[in-house]
Amino acid sequence: MITMIRTSLKLLLRTKLLWLFLIIAPILSVLILKSKTEYTAFAESAKEIVELKSPDEKIAYNGGKGEYTVKVYDASGSGLSDKLLNELVETGLFVVCRANMSNAEVTDVSIDEHIKLDAYEDRMGAAIYIPADFDEKVTAGDAGNALQVFILSDDEREEALISELDLQLSVMTGIMDTYKSYGVEMDADDLLEKMLDAEEEFPEKHTVTVAGGGGALLTSEQNDQKSKMGYAFVFMTLASVFCGFFVAYTSITEQKNGVLTRIGLSKASMLSYFASKIVTVFILSVMLTAVEAVCSLVLDMEDLGMARSEFILMIFLMGLIFSSISMFVGTVMGEVMSASMASFTIWVVSALLSGCYFPIEFSGKALKTLSYMMPQKWFIDGTEMLILGDGTALSMLICITAAYVLATLSLGSLGLKVRKA
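The sequence shown maps to residues 1 to 421 in the numbering used here.
None of these hints come from the bench; they were simulated from the model.
Bear in mind the structure is a predicted one, so any value in this text is a computation, not a measurement.
Treat the hints loosely; a few may be bogus.
As the list claims (entries may be wrong) - DEER-style ranges, computed between Cβ atoms:
{"#": "1", "residue 1": "341", "residue 2": "6", "range": "54 to 60 Å"}
{"#": "2", "residue 1": "363", "residue 2": "256", "range": "40 to 46 Å"}
{"#": "3", "residue 1": "93", "residue 2": "184", "range": "45 to 51 Å"}
{"#": "4", "residue 1": "293", "residue 2": "336", "range": "29 to 35 Å"}
{"#": "5", "residue 1": "121", "residue 2": "149", "range": "18 to 24 Å"}
{"#": "6", "residue 1": "141", "residue 2": "369", "range": "49 to 55 Å"}
{"#": "7", "residue 1": "370", "residue 2": "177", "range": "54 to 60 Å"}
{"#": "8", "residue 1": "154", "residue 2": "357", "range": "56 to 62 Å"}
{"#": "9", "residue 1": "136", "residue 2": "61", "range": "15 to 21 Å"}
Claimed, not checked - Restricting the straight-line Cα-Cα distance to at most 25 Å, the calculated cross-link-like pairs of lysine-lysine (DSS-like) are:
{"#": "10", "residue 1": "180", "residue 2": "194"}
{"#": "11", "residue 1": "16", "residue 2": "256"}
{"#": "12", "residue 1": "34", "residue 2": "377"}
{"#": "13", "residue 1": "58", "residue 2": "116"}
{"#": "14", "residue 1": "180", "residue 2": "137"}
Glycine included, each C-beta is placed from N, C-alpha and C at the ideal position.
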């Protein structure tokens with residue numbers, strides 16, 4: 001077995017392309033980790049109105065965390081309409097996206113066309129049309145006809161939206177009625193001023209966000225740390241995948257040259273042969289991790305939210321998994337072109353489904369279940385645990401790595417026996 005390992009390493013270390021992956025990938029990952037980019041895909045929910053560039057702009061992606069999105073066609077553009085929408089946002093239940101149409105000619109026909117497009121070509125909970133005479137209707141006590149609400153989903157949170165709109169409109173009409181009872185005439189500007197004055201007398205409000213459903217609560221800074229690690233994982237897994245492919249290439253060459261047949265005629269078993277390839281992959285993973293460790297010296301580990309030793313161990317474990325899987329696939333397939341395409345496919349699909357590029361916590365149940373088959377998902381979760389100071393993260397990742405490597409070893413030896421037969 002030692003002879004097989006030594007022979008494989010001699011062939012691999014002569015491959016210039018291998019050294020390219022061993023050096024370039026760690027450098028690229030470190031550059032990402034040093035960046036100060038804020039990743040809005042993981043940002044907390046917006047606490048202000050989202051202003052749309054045009055009424056035709058789609059808002060589907062504004063509800064990325066499952067929020068109830070509301071598109072507003074605001075033909076009034078007044079202080080009262082702005083106040084109403086800000087009150088919706090302050091509840092924390094809705095994402096409000098406003099298209100300012102105060103300077104455009106708006107008709108019932110044009111609004112109907114927009115609503116049809118929203119219903120069939122966009123995704124939202126509801127749409128609201130605030131007409132140009134919104135202020136006049138509110139001050140005249142006709143708040144019930146001051147705006148139109150179009151429900152565009154079967155989300156039960158529509159009841160909360162209707163209740164909040166009724167509450168805010170009743171507050172406006174209530175203030176108007178109170179002052180009118182004392183003989184004080186008010187216009188929209190006076191009403192807005194009275195509402196703002198009344199708010200100053202309210203107790204100061206504190207909002208506390210709680211993680212639910214067993215999930216962890218991260219700050220914006222911690223979300224940025226987690227997302228940067230996800231993007232760094234992409235480059236490191238690419239290097240690991242192709243390190244495994246190079247090991248598989250040596251195995252494919254040995255199969256074609258009859259080396260595997262001679263090994264089969266000797267006392268060595270297919271399990272020991274494949275185990276030698278796993279050991280070779282282990283050594284390459286150590287080399288890749290060593291380069292990453294050297295590059296990480298330029299990083300401030302406080303920016304990553306974990307110790308350097310934890311970071312290096314994560315990189316090594318993840319590299320070992322992907323090198324083993326790539327080597328297994330390439331060795332069993334037995335053809336260079338197919339093996340390279342399979343390795344690249346593994347890298348692309350696993351990164352997409354694991355949440356390295358975008359969060360999947362609020363996706364469908366089937367996709368979330370599938371994501372746990374991807375190794376990166378466990379390491380992203382492990383990153384989150386380390387950021388939050390959970391010391392069990394490393395033991396979990398070690399167990400996950402052992403499970404993947406053992407499964408790869410078993411399936412690989414079995415696959416070689418089948419090919420040989």
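Each hint, compared with the structure:
Evaluation of the 54 to 60 Å hint for residue 341 and residue 6 yields a failure: the beta carbon distance comes to about 30 Å. Roughly 43 Å separates the CB atoms of residue 363 and residue 256, a value that falls within the hinted 40 to 46 Å. Distance hint for residue 93 and residue 184: a CB-CB separation of about 34 Å, inconsistent with the stated range 45 to 51 Å. For the pair residue 293 and residue 336, the supplied restraint of 29 to 35 Å holds, since their beta-carbon distance comes to about 32 Å.
The beta-carbon spacing between residue 121 and residue 149, approximately 20 Å, falls within the hinted interval of 18 to 24 Å. Here the CB-CB span from residue 141 to residue 369 is close to 54 Å, well matched to the stated 49 to 55 Å. Roughly 57 Å separates the CB atoms of residue 370 and residue 177, a value that falls within the hinted 54 to 60 Å. Residue 154 and residue 357 have their C-beta atoms about 30 Å apart, which leaves the hinted 56 to 62 Å range violated.
Between residue 136 and residue 61 the beta carbons are some 36 Å apart, a value that contradicts the proposed interval 15 to 21 Å. Our distance criterion of 25 Å between C-alpha atoms is met by residue 180 and residue 194, whose separation comes to about 13 Å. Our distance criterion of 25 Å between C-alpha atoms is met by residue 16 and residue 256, whose separation comes to about 22 Å. Proximity of residue 34 to residue 377 is assessed by CA-CA distance (about 22 Å); at most 25 Å being required, the pair is judged to hold.
Of the pairs offered as hints, the one joining residue 58 and residue 116 holds, with about 13 Å between alpha carbons and a cut-off of 25 Å not exceeded. Pair hint residue 180 plus residue 137 holds up; C-alpha atoms about 15 Å apart against a cutoff of 25 Å.
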